[in-house]
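Single-letter residue listing:
There are 2 protein chains.
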Amino acid sequence: MTRTDILALAKRYVPVLDWGRSYTRDAFQNDLLAAVIVTIMLIPQSLAYALLAGLPPEAGLYASILPIVLYAIFGTSRALAVGPVAVVSLMTAAAIGQVAEQGTAGYAVAALTLAVLSGGILLAMGLLKLGFLANFLSHPVIAGFITASGILIAASQVRYILGIDAHGHTLPEVLYTLNENMNDADPVTIALGLGALGFLFWVRKGLKPLLLRMGVRPRLADIAQKAGPVGAVVVTTLIVWAFGLAEQGVAIVGAVPQSLPPLTMPDLSADLVSALFVPALLISVIGFVESVSVAQTLAAKKRQRIDPDQELIGLGAANLGAGFTGGYPVTGGFARSVVNFDAGAETPAAGAYTAVGLAIAALALTPLIFFLPKATLAATIIVAVLSLVDFSILKTSWGYSKADFAAVAATILLTLGMGVETGVTAGVLLSILLHLYKTSKPHVAEVGLVPGTQHFRNIHRHAVDTDPAVLTIRIDESLYFPNARFLEDYVLNRVAGDKAVKHVVLMCSAVNVIDFSALEALEALNLRLKDMGITLHLSEVKGPVMDRLQRSHFLHDLTGRVFLAQFDAWVALTQAPAPEPERQAAE
Amino acid sequence: MTRTDILALAKRYVPVLDWGRSYTRDAFQNDLLAAVIVTIMLIPQSLAYALLAGLPPEAGLYASILPIVLYAIFGTSRALAVGPVAVVSLMTAAAIGQVAEQGTAGYAVAALTLAVLSGGILLAMGLLKLGFLANFLSHPVIAGFITASGILIAASQVRYILGIDAHGHTLPEVLYTLNENMNDADPVTIALGLGALGFLFWVRKGLKPLLLRMGVRPRLADIAQKAGPVGAVVVTTLIVWAFGLAEQGVAIVGAVPQSLPPLTMPDLSADLVSALFVPALLISVIGFVESVSVAQTLAAKKRQRIDPDQELIGLGAANLGAGFTGGYPVTGGFARSVVNFDAGAETPAAGAYTAVGLAIAALALTPLIFFLPKATLAATIIVAVLSLVDFSILKTSWGYSKADFAAVAATILLTLGMGVETGVTAGVLLSILLHLYKTSKPHVAEVGLVPGTQHFRNIHRHAVDTDPAVLTIRIDESLYFPNARFLEDYVLNRVAGDKAVKHVVLMCSAVNVIDFSALEALEALNLRLKDMGITLHLSEVKGPVMDRLQRSHFLHDLTGRVFLAQFDAWVALTQAPAPEPERQAAE
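Protein chains in written order, with UniProt numbering: chain E, 1 to 587; chain R, 1 to 587.
Okay, chain E solo, but in the shape it has when bound (with noise of 0.2 angstroms):
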């Protein structure tokens, strides 16, 4: 390789080398603007993050600074901010729930390991091109499993903002458990918890509205509602302080290690290992999706393109990152790629300014949070996931297709009742399976000439001419194992009654693929066609499938003709209505 091939490739696989020598002071002081925002907002989710993820609140510090470095060297998007997500942190718990006791040593290695395996895993895919694979989460699978995620994860909140013991993936052992413990209900804990509810949905709606009213200029009024969660923090904070609520048993956040993220090991042994792929394999599609499309909106608002595959390599050395030092599963996050969006970010070094300010908070401000009330963080959560809720996607998708809106009943039921991994792996079977159902029973048109034109079209959807020696066919399916037999089943029944039919033209412009099983079925029906005395011809086969069929018997056996279009296939048989054994090819 010359030394330009080198520099090529390795732009292509650490993109920094490419924006990197074009860095102007401009991007800089923006840069950094956006990270200092990004950073208030991230340190209070952090922590709720790794509380919802059932980790130790460093960890979700810690899982937001080398992983957004990583990220920042190796991703194509200039404005995803990587770091713990709220679906990721659930799903997170709930894989490490079944391996390892919460709050126990094992259940923060395993932590590690699902980070590294999920690392692992999107690099794979990453450079064996596998980005396609996220396209098997169908828009409705994904919209129905992010509701389902939101109800499941704030429902799991409920308990720290009454002070109770509750536990469970799915939302009936959520809410019996909650139930069960009711009695245990702390006031003081709910009525800080409900205070800070209350103060972060008025923060979202009405705070913004009165600055400006206030006469505060937009960009400062945005900067304040971002900042309104640290808020929350401070004011709960100094409240269980000054009040000594926690000797009262308000639970607190205690004592947060003061330390940069340290070097950890995951546990890598075969049984671990074997016990968290799958759940590593769904969270690192459902995050690596969750991701692209945040890139990919953000990407189009400037004209931007970004790589999946490229995406893939970045989510997965930040997922690597973060298994070394403490953290746990990341991604792409919408609420913080947009603030940083928002905030003029306009290179990955934004990521890296936050990653420092993150790191700054880790070294000095963790013993100012040892009194922080988990209901707060539990509070900030609850604000943040619910407006992940959207059901319309029900009533659009019901008024659209029926299949899909199948698919999305589905995931959210199945979400809800057996728990994130079943809800979103039997949405994919479930669109998977109703496409090969749709497949496998194609609508087929009995098409005639449209007058005046070379269309041919429905005869009961349009005023067409038709000839009743000639019977065209067009099967609106590719023809393939699923449907091999039905084709063949329909001419014939077609033609058994009618006596007239002399021709039978199969309009295959909609046959994007013959595979093996059709071409015995197309063989077939040429040969019974053949006893009937019915000459069968072909038309407007396209290129690859004609390719495909010259390298087998079947346009020798073939009794009639292939016809380049569907028009001259009309011409010549409405006119010389004796089968004529001569062919021609299609290309």
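Some hints could be false.
[Stated by the list, open to error] Sample of chain E residues with no beta-carbon within 12 angstroms of chain R, all distances over it, derived: (1) I142; (2) L171; (3) R217; (4) L282.
[Unchecked claim] Okay, derived cross-link-like pairs now, SDA-like style, lysine to any residue, Cα gap no bigger than 25 angstroms in a straight line: (5) R:K402 to E:F554; (6) R:K11 to E:L492; (7) E:K438 to R:S293; (8) R:K395 to E:L558; (9) E:K502 to E:Y490; (10) E:K301 to R:L558; (11) E:K395 to R:P544; (12) E:K301 to E:A335; (13) R:K441 to E:L123; (14) E:K301 to R:D531; (15) E:K302 to E:I73; (16) E:K402 to R:L128; (17) E:K301 to R:S293; (18) R:K438 to E:R551; (19) R:K301 to E:A496; (20) E:K530 to R:R305; (21) E:K208 to E:L386; (22) E:K129 to R:H443.
Everything labelled a hint here was simulated from the structure, so no lab data went into it. Yeah, the Cβ is synthetic: ideal placement off N, Cα and C, and Gly gets one too.
Since the structure of chain E is already known, use the hints to place chain R on it.
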């Protein structure tokens, strides 16, 4: 319901009421002759297949009596002969080998349960009209599975020829255990076995020509050939008896109860049912596919049609019958059905007469086969199944499509290496995955006008007219979630560099479905192109697809128009480059 309704319904579900009334003496004579020939052939075959299934020989006879009668009543094929067949016998052995020890009472009961389960499944599928499910077994998968099964069966019978012990449900297992016990090989048994093998192969190939040369009437020569196995049975039995070979360690059939099929009760305990359900399902589907393809082949020769869903009911009844009369799973066999057909059977009544013949055999002839050496039965099986082995499918599928080849190869290898159930399941899953993979990266063609026509084809394959301002893209696949983002990326990348493009026309002649995910992608594409000042149009949208689009907002937001024919789009856009708001529906 009126009396006629009931009659019609009865005729539909009990075809015998239909053909039964027009039964003539001619038909009776032909059926009777066919029955005699088939009976002669079935006696040794039934005993042999029971041996293959690991059951006592009489089970094979029992499985051929009531089931035949029930199929004659409920089945739709005139020539299909139902009973034990090689592949299903092998699958039976594999299935019940997992829940019971061969030779134990539990083993025989498990066989009954398996038959009843598969009967119930088939009946349910028939009443629910699920016959189409069989199509998911693609032709290559079936071909590969039959070939591999043939090899497995032949290998499993070698032990009887050598007079040694061996077991296993995969080729490695069988070969390994054979090799282990090779030292116990019994020369006398080997002599008998090889003799029988040689004789049967010769009968298959050499006997008929010889007789014809000797001037024997063809019909008679045919019958003689069919009777070959009986000859081998008689001769070897006499040899064993005359020379007292049984005492010298030649394995014989021994005492077979002299009785009509007994009334038996399957064990339907939850454990056994849940253990056997999946195998029963596989046996049902495989058996159904084999049976239907035989029935269709024979029906076609006489211009008759068979009803797959009614076939399910017929086979279901037959298997229920087998389960309650000491048999095991049965289906329509190829060999016996062809014999029945060639012998001139005209109605299912022939089957009923065969049943009578076999009942007489079960009552009267069983003592005569006391000294029948198992080696002879093994020989008849080997000769029968080796005719199933056909590797040509590997070559033909390789030439036609690598995906189909992969499915065949995987099915053969996994069936031999990991057993029949894994093999066939993997084959089906692989063919589905390969199809999904293909559709996730569809073929897309940029098309132009074929001069002098209204027909549009690939610009890279045909000499066509194009207009730099009008980019027409024909996507050769339904638009659904696996490829939803693909089109968006493709179009955006295509127009990115090309400033000349003012209009993008998506030619939808090959788009049979636009699901919700694809709709989202189209809406995104429409907006992105709008931002670039490019108008998006559709053409040749099919009725069913258009119906759906009209239920969405897309047609409202679409910047361009929907053209009935691509030629209309060409005329409108190449003449009037300015985008027009006014829209025209495809319907």
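Item to complete: Would you assess whether E:R217, listed as outside the interface, keeps its beta-carbon beyond 12 angstroms of every beta-carbon in chain R?
Response: holds, 29 angstroms
Fill in: Hint consistency between E:K301 and R:S293 [alpha-carbon to alpha-carbon, up to 25 angstroms]
violated, 57 angstroms
Item to complete: Take a quick look at whether R:K441 and E:L123 sit within 25 angstroms of each other, Cα to Cα.
Response: With a Cα-Cα distance of about 22 angstroms, the restraint between R:K441 and E:L123 holds, given a limit of 25 angstroms.
Worksheet entry | Hinted pair E:K129 and R:H443, Cα distance within 25 angstroms | holds, 18 angstroms
Practice prompt. For the pair we were handed, E:K395 and R:P544, check the Cα-Cα distance against 25 angstroms.
Written response: holds, 21 angstroms
Worksheet item: Would E:L282 pass as off the interface with chain R, using Cβ distances and a cut of 12 angstroms?
Response: Non-interface label stands for E:L282: nearest chain R Cβ at 17 angstroms, farther than 12 angstroms.
Item to complete: Could you let me know if the closest chain R CB is still more than 12 angstroms away from the CB of E:L171?
Response: E:L171 is indeed farther than 12 angstroms from all Cβ atoms of chain R, at 25 angstroms.
Worksheet item: Has the given pair, R:K395 with E:L558, been kept, meaning a C-alpha gap of at most 25 angstroms?
Response: holds, 22 angstroms
Fill in: Given pair status - E:Y490, E:K502, alpha carbons within 25 angstroms
holds, 17 angstroms
Discussion item. So if I understand the rule, the pair passes when the alpha-carbon distance is 25 angstroms or less; does R:K402 with E:F554 pass?
Written reply: holds, 18 angstroms
Discussion item. Would the hint linking R:K301 and E:A496 be met if the CA-CA limit is 25 angstroms?
Written reply: Roughly 15 angstroms separates the two Cα atoms, so the pair holds.
Fill in: Proposed proximity, R:D531 with E:K301 (alpha carbon, max 25 angstroms)
holds, 10 angstroms
The structure does not agree with the numbered hints 1, 17 stated previously, though it agrees with the rest.
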